[in-house]
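Going by this note's numbering, the sequence shown opens with residue 6, and the numbers climb by one from there.
There's no promise every hint is true.
To be verified - Using C-beta positions, here's what the derived DEER-type ranges look like:
| # | residue 1 | residue 2 | range |
| --- | --- | --- | --- |
| 1 | Asp32 | Ser190 | 15 to 23 Å |
| 2 | Lys103 | Gly124 | 14 to 22 Å |
| 3 | Asp97 | Pro118 | 20 to 28 Å |
| 4 | Val181 | Asp107 | 33 to 41 Å |
To be verified - When the alpha-carbon atoms are kept at most 25 Å apart in a straight line, the in silico DMTMM-like pairs for lysine to aspartate or glutamate are as follows:
| # | residue 1 | residue 2 |
| --- | --- | --- |
| 5 | Lys186 | Glu169 |
| 6 | Lys126 | Glu145 |
| 7 | Lys178 | Asp151 |
| 8 | Lys186 | Asp107 |
| 9 | Lys141 | Glu81 |
Read the hints as simulated data drawn from the structure, not as lab findings. Backbone N, C-alpha and C define an ideal beta-carbon position, used for all residues, glycine too.
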Amino acid sequence: MLVMAGGMYLGAPLALTALGRSLIEEDALKPADAILVLAGGTREGDRVRHAVGLFKRGLAPLLVMSGTPMGFRTHEAEVMRQHAVFLGVPPDRILAVKHDSDSTREEADVVVPVLKGRGLKDVILVTSNYHTARAKRIFERAAGPDGPHFRASPANDGLYDPEEWWMRRRYAKTFVYEALKTVWSAIEVE
6 MLVMAGGMYL
16 GAPLALTALG
26 RSLIEEDALK
36 PADAILVLAG
46 GTREGDRVRH
56 AVGLFKRGLA
66 PLLVMSGTPM
76 GFRTHEAEVM
86 RQHAVFLGVP
96 PDRILAVKHD
106 SDSTREEADV
116 VVPVLKGRGL
126 KDVILVTSNY
136 HTARAKRIFE
146 RAAGPDGPHF
156 RASPANDGLY
166 DPEEWWMRRR
176 YAKTFVYEAL
186 KTVWSAIEVE
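With the hints as constraints, model all of the structure from the sequences given.
Here it is as structure tokens:
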């Protein structure tokens, strides 16, 4: 009995960490046609900073900022574009896609046709670390077999740590919320 309790005590963190990591997808990156930054995230601009870092490494010649209305006739995509310019990206290398979507699926339904219309085949998908696996599945489904193809590159926004998600309330809330969204996206009727 003591051995079993000890095994559970030692094994639980490993199992919980594996469960936490299941939300995250990080693909090997190679040069792409564009870097797509999804709406949402934190006010600190972690997704934009991460995408600008990839841009400056020469991984893509174009940043695509996807965003929804923020109020006061301002769109998140425009604020993201301004932040990227502030961080050194030339304005002509940024495309702001403004939309009014309410979910990642709706966002994909708006953004994928824009990417296809520009002939973009390989896209680096930047979103929060906990959102990468679900977002990539949704965007790949929206793109269909003729593409574009997406590679996930997670931005760490401080809202989730897969190795400690069960120890901190903020991380646990993020895990539960994203896990529910993952289940919903799997059963959601098109």
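Outcome of the hint check:
1. Asp32 and Ser190 have their C-beta atoms about 19 Å apart, which keeps the hinted 15 to 23 Å range intact.
2. The hint said 14 to 22 Å for the Cβ distance between Lys103 and Gly124, and at roughly 21 Å that hint holds.
3. For the hinted restraint 20 to 28 Å between Asp97 and Pro118, the CB-CB distance of approximately 22 Å keeps it satisfied.
4. The hinted window of 33 to 41 Å between Val181 and Asp107 is violated, with their beta carbons roughly 20 Å apart.
5. Taken as a hint, the Lys186 and Glu169 pair is honoured in the structure, with Cα atoms around 20 Å apart against an allowance of 25 Å.
6. Distance hint between Lys126 and Glu145 is fulfilled; the C-alpha atoms sit about 12 Å from each other, no more than 25 Å.
7. Pair hint Lys178 plus Asp151 does not hold up; C-alpha atoms about 36 Å apart against a cutoff of 25 Å.
8. This hinted pair checks out: Lys186 and Asp107 have alpha carbons roughly 13 Å apart, not beyond 25 Å.
9. As the CA atoms of Lys141 and Glu81 are separated by approximately 21 Å, the hinted pair is consistent with the 25 Å bound.
The earlier numbered hints that this structure contradicts are 4 and 7.
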